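Protein sequence lines, in the order shown, are assigned to chains A and B.
Reminder that position 198 of the first sequence reads as 198 in the working numbering, one-by-one numbering, no gaps.
Reminder that position 141 of the second sequence reads as 141 in the working numbering, one-by-one numbering, no gaps.
Only true hints are included.
Cβ pair distances, simulated, as ranges:
no.: 1; chain 1: B; residue 1: 96; chain 2: A; residue 2: 192; range: 43 to 51 Å
no.: 2; chain 1: A; residue 1: 50; chain 2: B; residue 2: 157; range: 54 to 62 Å
no.: 3; chain 1: B; residue 1: 96; chain 2: A; residue 2: 6; range: 17 to 25 Å
Since the hints were derived computationally from the structure, they do not count as laboratory data.
Everything numeric in this text was worked out from a predicted model, so none of it was measured.
C-beta: ideal position from N, C-alpha, C; glycine also.
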Amino acid sequence: MTRNLTITKQMIAADLLRLRKKRGFIALVLTVVIAPLVIATGYNVIQHASDPAAHGPAGGLQYYGRLLSLLGVFMGPVAAILIGAEAGAGDLAAGVFRDNVLTGRSRTALFLARIPAALVVCLSVTALGFAAGLAATFGFAGGLPTPSASLILESVGWLTLANSVVCVIAIGLASLTGSRPGTITALIGWQLVLSPLLVQSDNLGSLRNGLLDGVMLFLKPGPASGAPTITMSVAVALAVLCAWLLALPTLGAWRTRTRDA
Amino acid sequence: MCDHVAAHTLVGMQSTHANQDHQAAAIETAALTKRFGDRAAVDGVSLVVPRGTAFGFLGHNGAGKTTFIRMLLGLTRASSGTANVLGLPVPAMRAQALARVGAIVEEPSFYPHLTGRENLRVAAAVRGPEARERIGGALRRVGLDKRAGDRVGTYSLGMRQRLGVARCLLSDPELLMLDEPMNGLDPGGMLDMRRMIRELVEEEGRTVLISSHLLGEVEKTCDVAAIIDRGHVIAQGSIDELVDDKAGELVIECDDAERALNLLAGDPAVRRLRSEHGAPRMSLTAREYAGELNSRLVGAGVVVTRLEPARRSLEERFLEMTTRLEVAA
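Chain B with its partners taken away, still in its complex shape (with noise of 0.2 Å):
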């Protein structure tokens, strides 16, 4: 119980601080839900996604990640709750929010019997005159300008991944939205998807939402995110917020560790102490106590190198968080 009030507590946080910057908003949902009969497969999701991020959203399989991207698509009727999309309500201006959208859902689908570009030339055609004169930038800006002219059928899934990308880049879109992107793709391909990400973050000022149940990924790729979790939004916020636990650990660097650990210990401060290769980890009653700690081990000769949040991947944050409701529920 205590554990959903904590989740929700973050939740809260950072919808109040995006709140702030609402004028930016790329995406913006206020209580979205989706029912499949009795089942919600997103249940009230709230969620700010800033202009100019690469945003991660992640999740389990079935966490419902899909069904969100396919509301704000409108490839599915929400249940209830709102929706905007650069600025515009979805379904309602669905249109004209869609013409500066790229997005691929599930994995990008193409004719296997037309090459890469003939590819693009079919999805330019609804997309509008300007797009056609967008090809070739678009298979250049994703490394396929060599192979445009060979049949998709003969493309790995990276490169079918890259021509989604290009493909979405065609109608010079604000904003993306990659459902899944790195699925199936090999380390190099997975480097050349980060690079192109970043690069249409940081150099064009895109915003990218990721889907991805690859948390390692997200965690070098995006600058935001938000776990989802059964339906729910359990927390989001900048990728430095999610992993720092603000209730956790400090992790000592000294000369002397076993010094350092009996003189700790039973320190009314410390609520808990224990040893990891070699280092000191403590859990303080408040964090303000680490400098008065600090001075006290100095002052009994310890050398201290270093003392600092011990620093957790977003895979063990995000396995933490969902085991903890998974145990709550």
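Just chain A, with the same shape it has in the complex (with noise of 0.2 Å):
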């Protein structure tokens, strides 16, 4: 039992080795989730510099709510497909998949070991958006009223859940399909075009609620940032997020377990 633990822990430490010490996609990563938020920043403060009577300061509660949408709705999630997608499809790309499996170790257990490094490199990014977000919102906040303690609280666990959720969901979809860019392509299609044009679509009715973006954007904190608004039971939003959180990582392991190596 302790020596599968101690094997389990050393799989994940590997996994996050190989994953943090690919600097290019990293920094990719890193200007995936910050540059919209330095561009965003930027300009909003230039404009409340060059003519503050038509352009209210830069920060403030509702420059907080834009954050949330970015780095929970948009930027922050193309960030976890990137980051899922490489834990997912990386060793299958590189070959070493096939060498694992040589060792006898269980496949399930292969496939288990990359979500918590995925989790702590995508959480990471996360983390620090976040933190340069809020600095600018208070920062930049002037006269404007700014996030409370709760607030931020609430906002930490939010964009950790929507981050984390399609994390997971990318690791499968890579593990499913053996394929970086396939994953990479279908789930930023999704999460950035489809995703929000059916979350829009009052014709669906209550089919919108078995979306992801739906349920996130239920679940999101804070002050409305112009995203339609969708309501439904928590459990319902729970039951839709384990679904997202099941289905997806289930098929990825039966195909780690189930691939020609």
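Using the hints, put the two standalone chains together into the complex.
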């Protein structure tokens, strides 16, 4: 039992090592999250500086709402997709999966070890983005109201949930398909194009409750940011979340067990 | 047809011999077969790899070598037949068997952005806590300790092959299976690999199975070999047995080749007589006549300094066997 725990810890540490040492990739992921934040904040700061009467301060509560959307609905999930795809199919792409299989180690264990390592990287990147955004929220607030401590805590929980779920889904899909580019294209297309369109489509009615975006918008704390409001019970939201969390990772684990190495 | 029979007789003979050493077998297969649709990539292979030897598994590209190894490692399922690795049936007890096996299939793959040492750390993590302690020793063993801090993306193919062997050694294996380990290596790299394999066998008592189409290298590296052609094992035995053609020629080294040829011509015991590079070569109806013919030559005043079987290279034997089968087919 202790031995298995030690091996599991070692495998997670090894997966974390291979992810964090991929410096170009980490730089890309950080850019995806930080660059839009810097550009949007900088634009608002310049606008406010050039015409304070027409443009309010760049920070404050309103800015904070947009920050959460950026980190929890748009660029945060994009980063989570990139990280999940790398974690799910990186060993296959490098040809190392076969060597891991040759050790006789359980393939399910090989699949499961990918998840914590990817989450550590994903949440670290999210945390960096959130810290930078939070600093801007307070630093450029001027006289505007700022988020309370409880709202910040809720936000941390929500961002952790939103990006973790997307990251785990990406790991599952990448493990299922064995393709990083395929996974990234499909999930970014879904996350940034198809899913927002479907969430805004009133014709779908309660079917929108089944969309991950719909659930995350329902659970999103803080001020409204212009996104459509979807109403559902917390139980339904949790059930949908669980379904998303189970479906693709289960398929990914199955494919990892059955894949011809 | 006759050639087929001869080949199978040799296989049968070696199998019987090997069966006496059943307890020591590192690998033992019986009628192992893998079919892809109608095509048999490996067809009824019965093979015994004795422990503590370097075993060469020879064949042309596409002969079935890699498919055979993949079945032994449980990477693909056999269509029929049985296989034991270190006495354990695979795939039934695959995990237990593979815990004592190190293998490189096709070519060793690594994360190019990690250093050699980091790649071994990743590999050791899957193998267990003891494997991590063997990283330094394994790197020294393959002569990569000085380059262990460099990214694998900067390694030559030879270095990656050696790092692959180091990765195999992390589990302190009793058996190593190396698929085409000499592929793409320069002469220096081949020499290093050959030395390393010999040391693994002679100094550490491990068994090494090498699949290769580089026959010269196998001849220099291995003690025992099997030849596979179009999915069939057509011969197996020690390298000496494989290169020694029992029905083959005897070469005579003497002071007067022309006189020796004249004396031997027309002798009923001599089936075939010819001269090559100035030395008479003869095929006899039976080997027992060799001494008698030697006495005749000496009695006639010919000074015979050497009379021995004409030794051919493994490559010549391999080509001869596979070509015969092609003609027969």
